[in-house]
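Engineer: Here are the chains, one letter per residue:
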Amino acid sequence: MAQSHVAPLATPLAERHAALGARMVEFAGWLMPLQYTGILEEHRAVRARAGLFDLSHMGELFVEGQEAAAGLGSALTSDPSTLKVGRAQYSMICFPEGGILDDLIVYRLGDERFLVVANASNAAAVSDALAERLAGRRAVLDDRSLATGLVALQGPRSAAILGPLVDVALDDLRYYAIVEGHVAGRPALVARTGYTGEDGFEMFVDLAATGTVWDAVLDAGKAEGVVPVGLGARDTLRLEAGMPLYGNELGPDTTPFEAGLGRVVSLAKEGEFVGRAALERAQADGPRKKLVGLTIRGRGIARHGYKVFAGDRRTGTVTSGTLSPTLGEAIAMAYVAPSEAEPGTILAVGIRDQRVEAEVVPLPFYRRPA
Amino acid sequence: MVPQDLRYTKEHEWVRLEGEIATIGITDYAAEQLGDIVFVELPEIGRTVSQFATIGVIESVKAVSDLFAPVGGEVVESNAELSGAPELLNSDPFGKGWMLRIEVADAGQLDGLLDAAAYEALTAEA
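The listed protein sequences derive, respectively, from chains A and B. Each residue of the first sequence is one higher than the one before, counting from 206 in this note's numbering. Each residue of the second sequence is one higher than the one before, counting from 31 in this note's numbering.
Don't take every hint at face value.
What the hints assert, rightly or not - Cut-off 20 Å, straight-line C-alpha distance, at most; resulting in silico cross-link-like pairs (EDC-like, lysine to aspartate or glutamate): (1) B/LYS40 / B/GLU111; (2) A/LYS427 / A/GLU231; (3) B/LYS126 / B/GLU111; (4) A/LYS474 / A/GLU485; (5) B/LYS92 / A/GLU534; (6) B/LYS40 / B/GLU150; (7) A/LYS474 / A/GLU246; (8) B/LYS92 / A/GLU246; (9) B/LYS92 / A/GLU231.
Hints in this document: simulated from the structure, not taken from any laboratory.
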């Protein structure tokens, strides 16, 4: 029997993307803008000024109740009970075997109210897993992914552009903090988080308000040269910033420790959490592989899936790679044997029939100016 | 409108024959489809290539695309500027973005390629 293709979901901004001449692509079951004017131009705009992203495909899961903090603590690797109201933490949800189900940001909206933001590709799986893991707890899961729009403004000019449009003091909003207010008169959660390595804001609104917020920010940013930015530049920006992508650097066969993200695992927190035993063992045993940054010293671009060699010996695989628009050289992230993971180690990447020299470098490749 | 005096392939390459030397590049349509081109790999001088063989690579930010020989022969020249400025393929694909020159073994191979009208019809349908 023929497999039928389920039509992708459209965000509320679909017509606007079309009007802006976006090249659309299917991603995680959604029709999303890959690029508008071009990936390089959009990438550079974010680094120099600011760019506007439609991220309405992401998952937004609200958890509320007396045991919200404790329940999330037993479902995730991190300890949300340590969060002050209005603060956020990067986290992961793991399988019992210790592999990664998704990476997340957890925002504390109140003593008993949290927002968990999941990747679009895992939103349904995270929702199901949280529902299962919160069973029996005094906590209610409200999956509002399909009722929530998300627009992100990222870049050094973000605060200057957004300030006049919001009724909250952005100067008082720290990195990894969130506040409830209004953007362009519409109720919104405004978070100072992002996936680009620049200053920026992610604005969560009711679906019906997404267009209003997008229009207002794009309009306010016109004089500053704000451009719409697609998933193509989103990927090159996060890679320069050394941020992992689920499906590339993170997945069910990888522990947070191997990805260099042991900080999201709070083994010291009280009580059981899914994956605890496996992660304690993993920490004791040491990693089977390590995530490193590579700068390609020879001629060529390393890409996802390309093999990595130490001398003649295969030592690992490239997880993500591109030509870095900011640095002007080819960069990549790869898993290699722990013995090859020291910065300065010279390795080689198999690019077609050549072995191209690469050097292990510390992450991130790019840090925004202080 | 593409240059009327060139021949074209279904893989969106163009060929200009002058005597026995064919200059080869990709069309503006191809460059547009690829997006920002960031890397080009061309065959080495002296290599003999067959018509339609894979002879190099054009990489955009997100993807790797094969380059095919529209005609067979010996590679006699390649555009050294593309190494440092691959974006020439986007900005001037029919001019400064020329890629390589082949001394053709059989000029008759060009007769089998598309003329400008046929190429325009091909891209209009796409």
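Engineer: All the hints need checking, so say for each whether the structure fits it.
Structural biologist: Okay, the hints, checked on the actual structure:
Annotation: proposed proximity of B/LYS40 to B/GLU111 is violated, straight-line Cα distance about 26 Å (limit 20 Å). Proximity of A/LYS427 to A/GLU231 is assessed by CA-CA distance (about 28 Å); at most 20 Å being required, the pair is judged violated. Pair hint B/LYS126 plus B/GLU111 holds up; C-alpha atoms about 9 Å apart against a cutoff of 20 Å. Taking the CA atoms of A/LYS474 and A/GLU485, the gap is about 12 Å. The hint holds against a cut of 20 Å.
Under the criterion of a C-alpha separation no larger than 20 Å, the hint pairing B/LYS92 with A/GLU534 is consistent with the structure, at around 15 Å. Proposed proximity of B/LYS40 and B/GLU150 is supported: the alpha carbons are some 11 Å apart, at most 20 Å. At most 20 Å may separate the alpha-carbon atoms for a hinted pair to count; A/LYS474 and A/GLU246 exceed this at roughly 45 Å. Our distance criterion of 20 Å between C-alpha atoms is met by B/LYS92 and A/GLU246, whose separation comes to about 14 Å.
Of the pairs offered as hints, the one joining B/LYS92 and A/GLU231 holds, with about 15 Å between alpha carbons and a cut-off of 20 Å not exceeded.
Of the numbered hints stated above, those contradicted by the structure are hints 1, 2 and 7, listed in ascending order.
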